[in-house]
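Asks: Sequences listed follow chains A and B, in order. For the first sequence, counting from 1, position 130 maps to 130 in the numbering used here; every step adds exactly one. For the second sequence, counting from 1, position 223 maps to 223 in the numbering used here; every step adds exactly one.
Derived by calculation from the structure, the hints in this document are not laboratory data. Watch out, some of these pointers could steer you wrong.
Stated by the list, open to error - Examples of chain A residues lying across from chain B (beta carbon under 10 angstroms, computed): (1) I51; (2) V56; (3) G62; (4) Y71; (5) K81; (6) T148.
The C-beta atom is built at its ideal place from N, Cα and C for all residues, glycine as well.
Single-letter residue listing:
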Amino acid sequence: MKWLSHNSLRIFALASLSTAVLPALAADSLSLKNQAFQDISVVNKDGKPEIKRQVVTKATPGTEIIYVITYQNTGKKPAEKVVINNPIPTGLAYRPGTAEGAGTSAEVSVDGGKVYGALETLQVKDVDGALRAAKGEDVTHVRWMVVTPVAPGRQGDVTYRAMLK
Amino acid sequence: MSSKKTSLRLVAATGLMIGVLPQAFALGTLAGTTISNTASVDYEVGGVNQTDVNSLASTFLVDRRINVTVAEVGGVATIAVPGALAQVTTFTVSNTSNAILDYNLQVTQDISGATTAFGGTDSFDVTLPVTHTFVESGATAGYQPVEDTATFSDEHPVDGTRTVYVVVNIPASAVNNDIAGITLTAIAAQSTDGTGAYVATPGVLAANAAQTNTGSADDPAFIDTVFGDVAGDTDALRDGRHSDDDQYNVVTAAITVTKSSSVISDPFNGISVNAKAIPGAVVEYCLDINNTGAAAAGTIVLTDAIPTNTQFVANSLRTAVTGAGAACTSGTGMAEDDDDAGADETDPDGADYNATTAGAITVTTPSIAAVTRFKATFQVTVD
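Chain B with its partners taken away, still in its complex shape (with noise of 0.2 angstroms):
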């Protein structure tokens, strides 16, 4: 008989569980979740079953584990040139906590000379805006000026990964190479009543959490705050916060332009690698101007006076010259006539005598990619 009763009641509670489950979270039981626990006794007196004896419940509330990851996004530096607007990089933040907090989000640069995300030193500082972390809205992916406009995380969730955009101004003294390292730091945050339950204020960043009662027991009654985060790459065990660092690598053009000439006839030897450069003479002029940087240059426009004592020779200007280095191969490339109009002039390099500047040639170029050349020749007859 005892066991037919236990095992009705049994089943009771059984209905009474399956009910409750859906509550098991991934990540733990929420904060300010109340354990109950209420043990049963069944026995028998002289041969005969008694009424079941309940203890009093035994509660206790589940305090708050504050956990938060932050991870770079990309695994490589946001490349930009100096000057440079809104560069981005991009973060993630996680709250694996056990209840839903505020995260303010910090940004800080690495010192001169420390080694940076990506393996290189650390070398300037960025100019960082009034506001210059921004959470991304959901609406579009990547960063939105207009739609991402949180500078912190309100009421992230639990078990939510929002993204975080760092948004910097590269300073225009930047030279190429230039590597400034920046660190985002997500600090958790939260506002709490008299029993330690978190208080949402929509739009509100809440103070930073700080650990509660560390060094006194418990009040059952009150939800407690345990730091239970790992080290970042700058904040520490259990504090808190967690951090991840990223990087901005600084390239830029790096022009160089070199004038070689060399006679391509005389009056006596005609054209003739033996030719000198005597009156009368054509001597051929190689501009080779070349960009060393990391990055294009773009809307070129060199000006190159005539030599005194020579005159230009008509319809002699060539662009995009090829040649080994910085020489040039004779009557390569595309011919220019001499005036500074018409489709020759953006087709797409242009260049002209005596039309944009008196007395001089001008070589225009729209764009020379990183680490190329850009040649053009003309010629002149020594007086």
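So that you can see chain A by itself, here it is in the shape it has in the complex (with noise of 0.2 angstroms):
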């Protein structure tokens, strides 16, 4: 008896849950861009060096890419809790210490997304299979959490940097 009323709550939750999503599904109202930058050294017309961000132009191994990820509330109500995810991709190693954006935390995960936290809390197991503390290229995924909500036709940046291996 005392199984059955258990799994019965449980069923009850997860209708709950259903209805509750289905009518707010539609709404699509956070826009998401991505774009991948570089930094090069140019001479300007001061015959100064200055660094000058553009867009990915000689991406050799070595080269540090900046992605800059632009949220932007389009709808018509605030979004809350909003978590921006970015997997690294391949072939790119991620730049400890780089995830930034105004109003959010940044965590990594090094594990494929399961645990997420700063990167020095986090370990991973080398091929002898003892732990070690994590590195920049042990990571799998870089998440933002925008603290405060996200007011309707507000936008944000975060941003991180990578070495092309």
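Starting from the two chains in their separate frames, assemble the complex, guided by the hints.
Replies: The following block contains the structure:
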């Protein structure tokens, strides 16, 4: 009897969830844009070296790529608990400490997105099976939690850097 | 709920990653690889979770970074004698680019007076045959003229190291201690299509690679070429080529012959250190053949006419005589008979009187090692 009542309770919870979610599913009120940049050293018109940010040009191994992800609330209601997630593309190594964005807290994952946290708190298994502190190249995902709800029409950027392996 | 949904989605992403991981390359992502990045956002409106929104994929092509290393193998000069053919120096060419390439192999000679690879001074030029660079086929280690016939490195794999032989002739005019410095340069070569992707044409050496779009923004759909090599012995930083040097040292035999004599006996003093060269005296001639060169001298034949007014003393020929410096110690070495036949002629030295050359003695030895003397003695009586 005890088991049965527990089970039915769970079913009820699931049902209530699905009814609650359905009406809102159609509203696609956040837009997301993802761009890749790189900083190059140029000589400006005064003859002085200057760092210029441009869309990725010469991407050879060792090049640092800057990803800028822009989110914008295109809906009519505030978007809450906004979490932006970016799996690190294959061939890139995350540069520690570069995940940032105004009004967000950033976290990384080194296990394919199961556990998130600050990089220095994460560990990975080495080839010999021993645990070691995670490094930038171990990062599989970066996510940013936007601290406050995003009001309609508002937008923001989150960014990180990664090196082409 | 939100976090649970996220983790479920991300597990799927992990499975994908593991499938792709083996493509991680020691020397970097291969040129032409598409790097695609898609971000997603999870959020709620009015406390209700919304469908995740994905960004459009941000993609670019990995460009080609050319990096090549040429390294001399062995660290010592190749020793050769004047007139020697097919003398080999060995190098390795390593393609550390993130792309397959051909390598054009060029040999240049040091200018006279230049300091050569291993500390000498260039003093002559070797003779370069029409084809003089050969890539190791892998069938048999070392230069094999029948097997190693490729004159350039064709479709040189990423992270691949190939052995290259430089094969030259030494002019007959070269003298002992001559040095010829040479440099092997490997030049990256490629054929590309309209997107910059490498097009392999087996057996055909592509044109030398050039950097692309150096002064303009990138076409994300075009694989640009960037030189990332270091400077070699004769080439510059980031020029799509690399070089290393080696050298040939010429060694040859240098033969000097000296002849000395001493009076062994005279009719009045007999065998005495005080014997005088009077008629009837026995005089011993010492022939010293001195090889002061750095290579062995082979097939030595020395002929010496018996002086007028003297008579050869029968059976007085001796070869491989010992003694200090150019001097001969009488009675040492090996006695030779006077004819030019028999085992004594090739044991290994030989000598005869009046057989090979009338009125003369002839001394033979198959070889005199570098910086070694060979001495022989014979006696005459004074008329």
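Asks: Now, for every hint given, state plainly whether the structure supports it.
Replies: Hints, verified against the model:
| no. | hint | result |
| --- | --- | --- |
| 1 | I51 | violated (16 angstroms) |
| 2 | V56 | holds (5 angstroms) |
| 3 | G62 | holds (7 angstroms) |
| 4 | Y71 | holds (6 angstroms) |
| 5 | K81 | holds (5 angstroms) |
| 6 | T148 | violated (12 angstroms) |
Hint compliance for this structure: hints 1 and 6 are broken, all remaining hints hold.
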